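Chemist: Quick mapping for you: the protein sequence lines, in order, are chains F and H.
Just so you know, my numbering puts 72 at position 72 of the first sequence, and the rest follows in order with no gaps.
Just so you know, my numbering puts 354 at position 354 of the second sequence, and the rest follows in order with no gaps.
One or more hints might be untrue.
You can't tell identical chains apart in this list, so a pair holds if it fits in one copy or across any two.
Under the rule of at most 27 Å between Cα atoms (straight-line distance), these lysine-lysine pairs were calculated in the BS3-like manner [stated by the list, open to error]: (1) K318 - K226; (2) K20 - K57; (3) K226 - K123; (4) K175 - K204; (5) K209 - K310; (6) K216 - K123.
Please keep in mind that the hints were generated in silico from the structure rather than gathered at the bench.
On a predicted model such as this, the values are computed, not experimentally measured, just so you know.
Number of protein chains: 2
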Amino acid sequence: MKIHNFSAGPGILPPEVLRKASESALNYNNTGLSLLEMSHRSPEFEQVMANARSLAKELLNLGDEYEAIFLQGGASLQFYMVPLNLLKSKAAYVNTGNWASEAIAEARKVGNVEVIASSEDRKFVYIPSEFDMPKDADYVHITSNNTIYGTQWKSFPQTDIPLVCDMSSDIFSRKIPADQFSLIYAGAQKNMGPAGTTLVVFRKDILGKAGRTLPKMLDYELQYKKDSMFNTPPVFSVYVSMLTMQWIKDNGGIEWIEALNNLKAQFFYDELDSNPLFEGTVDKASRSYMNATFILKNKAIEKDFESMLKQEGISGLKGHRSVGGYRCSMYNALPLESIKVLTNVMREFAHKFA
Amino acid sequence: MKIHNFSAGPGILPPEVLRKASESALNYNNTGLSLLEMSHRSPEFEQVMANARSLAKELLNLGDEYEAIFLQGGASLQFYMVPLNLLKSKAAYVNTGNWASEAIAEARKVGNVEVIASSEDRKFVYIPSEFDMPKDADYVHITSNNTIYGTQWKSFPQTDIPLVCDMSSDIFSRKIPADQFSLIYAGAQKNMGPAGTTLVVFRKDILGKAGRTLPKMLDYELQYKKDSMFNTPPVFSVYVSMLTMQWIKDNGGIEWIEALNNLKAQFFYDELDSNPLFEGTVDKASRSYMNATFILKNKAIEKDFESMLKQEGISGLKGHRSVGGYRCSMYNALPLESIKVLTNVMREFAHKFA
């Protein structure tokens, strides 16, 4: 049976990428060796790393003043590395949910943090739009998409202060003015590849100002000066991320994927808004095009809905354990077909139970 | 052509493991999903993580007072995490080479470090045997095998002070008294799996004494309390590591692999010692059974030797760029056959050039 993979992360990857990954796990480009057992100092892998770094910048349309590196530890380690590398006197954070809160908590272990806006008052169902930018912060930190609550920034704050963004769940999903940001980080496992690597892209001129001695592994400057290979990188995760970025490029780039993602989101939200049994859980203006969160108004028929989902091969639609309900994750590699299968199930379910 | 993979790391993995990894990258256990796109919270992956943690303890013959977790960042991040979690007043280190020196440098960023023994006086060609154990250190740190210089501890210091060991390059390669150690860490990419994950095994009672506020991602206690899934773990690297540990267990466990490794090392060193053209670079008593370092006495015929290696499909024999020469890495998955092919080349080369 065809499985429709709505997992919120690690999320769906393109079939072509998986086929190539599977091949390379046995025999990488006819070298007679698996990529899993090849030295990271081999010319083959050095090329993979160089391609991955270059594709990341290309898809973000960034120039030579930026560097892209692939680290380990997920966005969660970035919550600590960002302030460690950038925070000197004060950092400003916008709190839009669980991951932003985690980022704030880790930054407070490093230095002075001001929360300049928050949507906690209404359980994170919106993106704050009116707030004052500080004049004296070392950087402002935002989270572009909230996988758990299902909200997403539609436009980004204009500010002279370095803007830092956790883009783990919507990197490479839409055209963004990347050069408005001083640093962007993203765990790979939603739109970029499998778990195990984290992309960090930054303007070189923001480094070296925090004035602290850094552990080598947590030092952006050292990592980029060593070409993202200070120590053994997560070879296979970087490789599969490279394949996924190449897949975006080969199919038409960010314009192509954004159009596809818009179509998928429109399809889904149209059904959600017209279906009498379901209800979206966040403000319409803040709806995420990556993770649509919703509930069944009548909890008594949840089991029936879930059994229909299962029959159609729909996997991973459960909401995050901290909030419940449902979550339709529509990452880059999810085909429109899967959305159609889901919306058909929702329609059919309404015919039966409305 | 059959490739004989002597890479010093990431190193060779068993063919059965690679076949299964390749399958799972397409369709994991007939779920219809690739393991690369499956949620780490799926029952399937939770089982993988539980198996991996349990196999690690089983192969080390450790009981309930120990925990095994799989982190990211390689041994290089452990160089910093160990002192961050354990160093209160003073730590003692033995300096046996490049990696030990790196560990010392990172520990000094955290607190007071005493180097209690070193083999730097003779460029790390031996393991120090006579030195005094401190009475007042929080822990003593050693590096069981030195991949670059090719030395290995044959027995371990007896001490009441918690013993910490970087076993990145010889974990699971021989029977060791693991319960003599309070903490063992190992990057996966030599004897345990592919790059991208690091095993950390520790006695639970050594934690919580350093008295500092830890970043969440660098806190052993938090990581084990969250069952090694505080955040998204490096799914595929943990999975392939689990397969490799299972491969050791299924073939006869540590006794089996130790006997095989002893045989391989004996075969290689016998040839090295009897061949007039080559010379080992470290003291015989300290020779590593994982990485045998050697040189050609006559540098003028290196190209001839290397061209013969290439003809026989021997890959990865070059010494580390910092020391030169040759290095025969004989990790667990390297078959005896590959050693025979190499020693045959060495013998044939001596017939031609001696």
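Chemist: Work down the list of hints and note, for each, if the structure agrees.
Modeler: Okay, the hints, checked on the actual structure:
For the identical chains of this complex, K318 and K226 are inter-copy neighbours only, at 21 Å across copies versus 41 Å inside a copy, given an alpha-carbon limit of 27 Å. Proximity of K20 to K57 under the C-alpha cut-off of 27 Å is restricted to the intra-copy arrangement: shortest distance 23 Å within a copy versus 34 Å between copies. Taking the shortest alpha-carbon separations for K226 and K123, only the inter-copy value of 25 Å comes in at or below 27 Å, while the best intra-copy value is 42 Å. Taking the shortest Cα distances, K175 and K204 sit within 27 Å of each other inside one copy (22 Å), while across copies they are farther apart (48 Å).
Taking the shortest alpha-carbon separations for K209 and K310, neither the intra-copy value of 53 Å nor the inter-copy value of 49 Å comes in at or below 27 Å. Within a single copy, K216 and K123 get their C-alpha atoms only as close as 38 Å, which misses the 27 Å cut-off; across copies the closest is 24 Å, which meets it.
In this structure, the one hint that does not hold is number 5.
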